[in-house]
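Make a model of the complete structure from these sequences and hints.
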Amino acid sequence: MDGWSNERAAEMFPMVFEGFVVVLQVTAVSGVIAILLGLLVAISDQTAPFWLRRPVNWIMQFVRNTPLLVQVLFVWYATSLYINPEWTAFVVGSAVLGIHYASYTSESYRAGIEAIPKGQWEAATALSLPRHRVWLAIILPQMLRRSTAAVANWLIAMFKEVPTLFAIGVLEMLAMVDRYAGLNYTGYVEGYTIAGLLFLAASYPVAVATRRLEIRLAKSNF
Amino acid sequence: MPSPTSNEPIIRFDRVNKDFGDLRVLKELCFDIDPGERVTLIGPSGSGKTTILRLLMTLEHVTPVKHPDENGGVIWVEGEPYSHMKKGGKLHVANERYLRRRRQKVGMVFQQFNLFPNMRVLRNVTEAQVHTLRRSKDEAEAKARDLLELVGLSDKIDNYPNQLSGGQQQRVAIARALAMDPDILLLDEVTSALDPELVADVLAVLRDIAETTSITMLIVTHEMGFARDVSNRVMMFDQGVIVEEDTPDRIFSDPQEVRTQDFLRAVLAE
Ligand SMILES: Nc1ncnc2c1ncn2[C@@H]1O[C@H](COP(=O)(O)OP(=O)(O)O)[C@@H](O)[C@H]1O
Ligand SMILES: [Mg+2]
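Those protein sequence lines, which keep their order, are chains A and B.
Residues in the first sequence are numbered consecutively from 152, following my numbering.
Residues in the second sequence are numbered consecutively from 118, following my numbering.
In case anyone wonders, no lab produced these hints; they're calculated from the structure.
Some hints here could point you the wrong way.
[Unchecked claim] Cut-off 35 Å, straight-line C-alpha distance, at most; resulting in silico cross-link-like pairs (DSBU-like, lysine-lysine):
no. : chain 1 : residue 1 : chain 2 : residue 2
1   : A       : Lys269    : B       : Lys144
2   : B       : Lys254    : A       : Lys370
3   : B       : Lys254    : A       : Lys269
4   : B       : Lys222    : A       : Lys269
5   : A       : Lys269    : B       : Lys183
6   : A       : Lys269    : B       : Lys260
7   : B       : Lys260    : A       : Lys370
8   : A       : Lys269    : A       : Lys370
9   : B       : Lys203    : A       : Lys269
Since this is a predicted model, take the numbers as computed values, not measurements.
What follows is the structure, encoded as structure tokens:
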């Protein structure tokens with residue numbers, strides 16, 4: 152093992168960047184799952200019958216309280232053994248990551264719903280508004296205003312956990328560094344540095360934008 | 118069973134009980150209200166006034182009795198059971214579908230306004246017209262504009278509720294309730310959350326509505342001057358029962374019951 156080399160870093164960059172693109176792709180897919188599934192869970196928690204709410208709550212709690220890495224490995228081996236070995240690591244990994252974070256976003260949405268004053272529901276009842284209309288026109292807009300920043304923060308956290316999928320062979324940045332270093336017996340330091348910097352370059356602006364959004368929402372008329 | 122006739126009460130409480138846990142808030146409460154009547158409910162805090170209005174808005178539900186009707190425990194509106202529904206010649210506790218239909222003729226204005234903060238003023242007044250009553254957007258907007266003019270807020274149509282004073286918000290809430298063409302309007306301490314200088318405008322609007330419409334009104338208020346001007350009847354409550362009821366003139370100038378006398382003395386001393 153030798154020390155840092157600028158040339159090697161330059162040589163590795165395109166490869167690691169390819170891995171970064173995969174990270175972004177995983178984030179996009181998992182993000183959509185986390186956003187929509189979390190919303191669905193939070194709404195069904197208020198509207199679904201008890202027999203459905205109860206198991207969904209159990210599952211979500213289980214997902215929140217077990218390590219992501221264990222879930223990823225378990226689902227990866229379980230699906231390839233018992234369901235369909237053709238499913239790629241990208242698909243399985245993105246789904247598990249998305250579901251894992253849906254268990255957190257659903258809590259943020261739920262808090263947003265519970266923070267809506269009871270008077271809003273009562274006014275809606277007094278006006279006999281149909282239930283779907285109450286959700287669409289009154290509850291969801293007020294809830295989204297309250298939970299958007301929290302959900303955005305979960306997505307940033309999720310983005311930073313994509314490397315977990317290295318464990319099942321998703322070709323994200325760690326896998327790329329590993330591949331290079333395995334062939335050349337060096338390059339870990341440069342590779343991890345590049346990976347770290349790419350993460351920073353992507354998540355910092357998003358974190359700042361989220362902060363701005365939070366402030367703007369707090370000040371707006373609605 | 119009462120059949121609909123013209124001189125029948127629009128609201129009938131027949132031995133209605135309401136419990137919260139172990140606490141019996143309304144005790145075999147009976148009263149009738151005629152169409153077009155304006156009735157003010159007065160009484161100390163905790164005497165059950167809000168509960169009565171909330172039962173009529175179906176935000177609370179009566180405590181069931183074994184044999185409804187025979188044993189009472191039923192609220193009737195416009196000659197039909199309201200807290201209950203007829204099924205196989207018997208009364209059963211009303212389900213959500215039945216309540217959804219029946220409560221359309223009842224409107225409520227809340228102490229805390231409860232406007233929808235995510236909608237502009239105009240849409241606060243059109244939303245239920247369009248989605249509950251299925252009026253066209255144009256019709257709903259025309260009606261909303263008329264009502265907002267009536268409450269003196271034509272220039273605030275495009276504002277969000279939190280850009281308005283409390284008094285203005287409450288006047289929007291009144292317009293929103295009236296837009297549904299209610300037969301019965303419930304007003305629960307609608308000026309209690311307002312700064313004193315904003316109370317007069319809201320009361321003026323309500324006086325105007327009382328004079329120009331025949332909507333039946335149930336009013337809970339501590340504004341005794343207002344109660345005297347707009348109501349035909351005042352009911353004094355204490356601990357879930359009616360202590361005394363009479364015309365406003367008589368009850369305010371010559372209350373018969375000690376509890377009414379004490380209550381009025383306390384309120385007027387404020
Ligand atoms: N949701 C509730 N749960 C428990 N107790 C309640 C509830 N709502 C009202 N109460 C009780 O019922 C009684 C009557 O309340 P309310 O109708 O609000 O009286 P008022 O409007 O005359 O002040 C009070 O003792 C109050 O504490
Ligand atoms: Mg009250």
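With the threshold set at 35 Å, check whether the alpha-carbon distance from lysine 203 of chain B to lysine 269 of chain A stays at or below it.
Holds, at about 31 Å.
So if I understand the rule, the pair passes when the alpha-carbon distance is 35 Å or less; does lysine 269 of chain A with lysine 183 of chain B pass?
With a Cα-Cα distance of about 31 Å, the restraint between lysine 269 of chain A and lysine 183 of chain B holds, given a limit of 35 Å.
Would the pair lysine 269 of chain A and lysine 144 of chain B pass a check requiring their Cα atoms to be no farther apart than 35 Å?
27 Å, holds
Below or equal to 35 Å on CA atoms is what counts here, so check lysine 254 of chain B against lysine 269 of chain A.
28 Å, holds
Does the alpha-carbon distance linking lysine 260 of chain B and lysine 370 of chain A stay inside the 35 Å limit?
Satisfied, since the Cα-Cα distance of roughly 32 Å is no more than 35 Å.
Between lysine 269 of chain A and lysine 370 of chain A, does the CA-CA distance stay at or below 35 Å?
23 Å, holds
Would the pair lysine 269 of chain A and lysine 260 of chain B pass a check requiring their Cα atoms to be no farther apart than 35 Å?
28 Å, holds
Given pair status - lysine 370 of chain A, lysine 254 of chain B, alpha carbons within 35 Å:
At roughly 31 Å apart (the allowed maximum being 35 Å), lysine 370 of chain A and lysine 254 of chain B satisfy the hint.
Has the given pair, lysine 222 of chain B with lysine 269 of chain A, been kept, meaning a C-alpha gap of at most 35 Å?
Within the cut-off at roughly 22 Å; holds.
Hint violations for this structure: none, all hints satisfied.
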